[in-house]
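Peer 1: Numbering-wise (the working numbering), the sequence shown opens with residue 139 and increments by one.
These are calculated hints, taken from the structure and not from any lab test.
Be aware that one or more of the hints could be misleading.
[To be verified] The calculated DSSO-like cross-link candidates involving lysine-lysine, where the alpha carbons are at most 30 Å apart (straight line), are: (1) K306 <-> K406; (2) K187 <-> K406; (3) K375 <-> K187; (4) K303 <-> K187; (5) K406 <-> K251; (6) K378 <-> K353; (7) K203 <-> K247; (8) K264 <-> K283; (9) K351 <-> K378; (10) K217 <-> K289; (11) K351 <-> K264; (12) K353 <-> K203; (13) K351 <-> K375; (14) K291 <-> K187; (15) K251 <-> K211; (16) K351 <-> K211; (17) K203 <-> K351; (18) K253 <-> K203; (19) K313 <-> K253; (20) K217 <-> K253; (21) K378 <-> K187; (22) K351 <-> K317; (23) K351 <-> K306; (24) K397 <-> K278; (25) K306 <-> K264; (26) K378 <-> K251; (27) K217 <-> K397; (28) K264 <-> K313; (29) K351 <-> K253; (30) K283 <-> K397; (31) K353 <-> K375; (32) K217 <-> K278; (33) K303 <-> K251; (34) K251 <-> K283; (35) K211 <-> K289; (36) K264 <-> K378; (37) K303 <-> K397; (38) K317 <-> K211; (39) K303 <-> K278.
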Amino acid sequence: MSLTFTRRRAAAAALTAALLVPLAACGDDDTTKATGGSTASGSASAAPKADLTVLAASSLTNVFKTAGAAYEKAHPGTKITFSFAGSQELVAQVSQGSPADVLVTADTKSMDKVKADTGTPAIIAKNRLVVATGEGNPHKVDDLKDLADTKLKVVLAAPEVPAGKYSKQILDAQKITVKPVSQEPNVRAVLSKVELGEADAGLVYKTDAESAKDKVDAVEIPDAQNAIAQYPAATLKDSKNAEAAAAFVAWLSSPEGQKILQDAGFQKP
């Protein structure tokens with residue numbers, strides 16, 4: 139092989155390499171632009187645009203409004219409509235075929251009742267109970283035992299509601315008998331009764347009391363006497379926006395979603 143041919147071949151190879159470098163760079167730039175500045179599969183613009191309906195436990199009302207606004211801002215073209223109610227009501231809606239995309243309950247047992255209608259649930263947060271009292275705790279409620287005082291107007295969530303089940307669990311464990319003046323269809327209704335002064339005390343989630351801290355006081359319940367509420371989230375199999383629904387459920391476990399939940403007082407899953 140002649141020296142001239144060898145030099146020409148080396149020059150051609152060098153030219154080819156020089157041309158490929160900018161092409162590769164352009165390819166990376168295009169990929170980055172297509173994924174909203176990130177090549178990660180879970181990036182903002184990678185999620186399909188859709189109008190999503192999310193059925194969520196009433197104790198998530200405040201935090202999910204914040205989370206929904208943040209998600210819509212990060213995912214232009216996506217709109218989220220929330221329907222808040224007691225978990226037992228949400229399960230009934232799913233069983234009756236109510237059109238929706240995502241279900242988030244305040245306990246795993248409720249979610250289990252519709253497992254044939256959902257994808258695999260993911261626990262996105264945890265919560266605990268507190269005793270909510272009027273502002274300033276005028277009746278000097280110090281612990282769970284004080285709820286047994288018949289002079290105290292106590293409200294609880296109904297037994298079929300997750301908050302009601304947790305309440306019964308912790309009261310039974312401490313052998314405390316409470317005769318509530320009413321049993322409410324969801325935990326936010328319990329909170330409302332205390333806020334309005336229609337009840338002296340009630341068992342609610344810590345995050346509920348935190349959301350109304352200018353109107354109610356929260357009496358902490360020791361961990362050894364408390365119950366841990368778990369919040370599973372799942373897509374619904376009949377959703378017409380399966381990919382977008384799955385993206386939202388995944389986002390709830392992302393650093394951004396978790397920060398919003400934990401800033402509102404929810405515990406890590």
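Peer 1: All hints, please: hold or fail.
Peer 2: So, going through the hints one by one against the coordinates:
1. K306 <-> K406: holds (24 Å)
2. K187 <-> K406: Holds, at roughly 28 Å.
3. K375 <-> K187: holds (18 Å)
4. K303 <-> K187: Violated - the C-alpha atoms of K187 and K303 are around 38 Å apart, more than 30 Å.
5. K406 <-> K251: holds (24 Å)
6. K378 <-> K353: With a Cα-Cα distance of about 41 Å, the restraint between K378 and K353 is violated, given a limit of 30 Å.
7. K203 <-> K247: Satisfied, since the Cα-Cα distance of roughly 25 Å is no more than 30 Å.
8. K264 <-> K283: Given that 30 Å is the threshold and the Cα spacing comes to 25 Å, the pair holds.
9. K351 <-> K378: violated (39 Å)
10. K217 <-> K289: Violated: K217 and K289 sit about 48 Å apart, past 30 Å.
11. K351 <-> K264: holds (20 Å)
12. K353 <-> K203: Roughly 20 Å separates the two Cα atoms, so the pair holds.
13. K351 <-> K375: violated (38 Å)
14. K291 <-> K187: violated (48 Å)
15. K251 <-> K211: violated (33 Å)
16. K351 <-> K211: This hinted pair holds, its Cα atoms lying about 28 Å apart.
17. K203 <-> K351: Distance of about 18 Å is within 30 Å: holds.
18. K253 <-> K203: holds (26 Å)
19. K313 <-> K253: Roughly 34 Å separates the two Cα atoms, so the pair is violated.
20. K217 <-> K253: The hint holds at about 26 Å.
21. K378 <-> K187: holds (12 Å)
22. K351 <-> K317: Status holds; Cα separation ~26 Å.
23. K351 <-> K306: This hinted pair holds, its Cα atoms lying about 24 Å apart.
24. K397 <-> K278: violated (34 Å)
25. K306 <-> K264: Distance ~18 Å between K306 and K264 Cα, so the pair holds.
26. K378 <-> K251: holds (22 Å)
27. K217 <-> K397: Holds: K217 and K397 sit about 21 Å apart, inside 30 Å.
28. K264 <-> K313: holds (25 Å)
29. K351 <-> K253: Not satisfied, since the Cα-Cα distance of roughly 36 Å exceeds 30 Å.
30. K283 <-> K397: Violated, because 35 Å separates the two Cα atoms, which is more than 30 Å.
31. K353 <-> K375: It is violated: about 40 Å lies between the C-alpha atoms, which goes past 30 Å.
32. K217 <-> K278: violated (45 Å)
33. K303 <-> K251: Distance ~15 Å between K303 and K251 Cα, so the pair holds.
34. K251 <-> K283: With a Cα-Cα distance of about 33 Å, the restraint between K251 and K283 is violated, given a limit of 30 Å.
35. K211 <-> K289: Between K211 and K289 the Cα gap is close to 50 Å, so the pair fails against 30 Å, i.e. violated.
36. K264 <-> K378: This hinted pair holds, its Cα atoms lying about 29 Å apart.
37. K303 <-> K397: Answer holds: K303 to K397 is near 28 Å, not above 30 Å.
38. K317 <-> K211: Roughly 46 Å separates the two Cα atoms, so the pair is violated.
39. K303 <-> K278: Within the cut-off at roughly 25 Å; holds.
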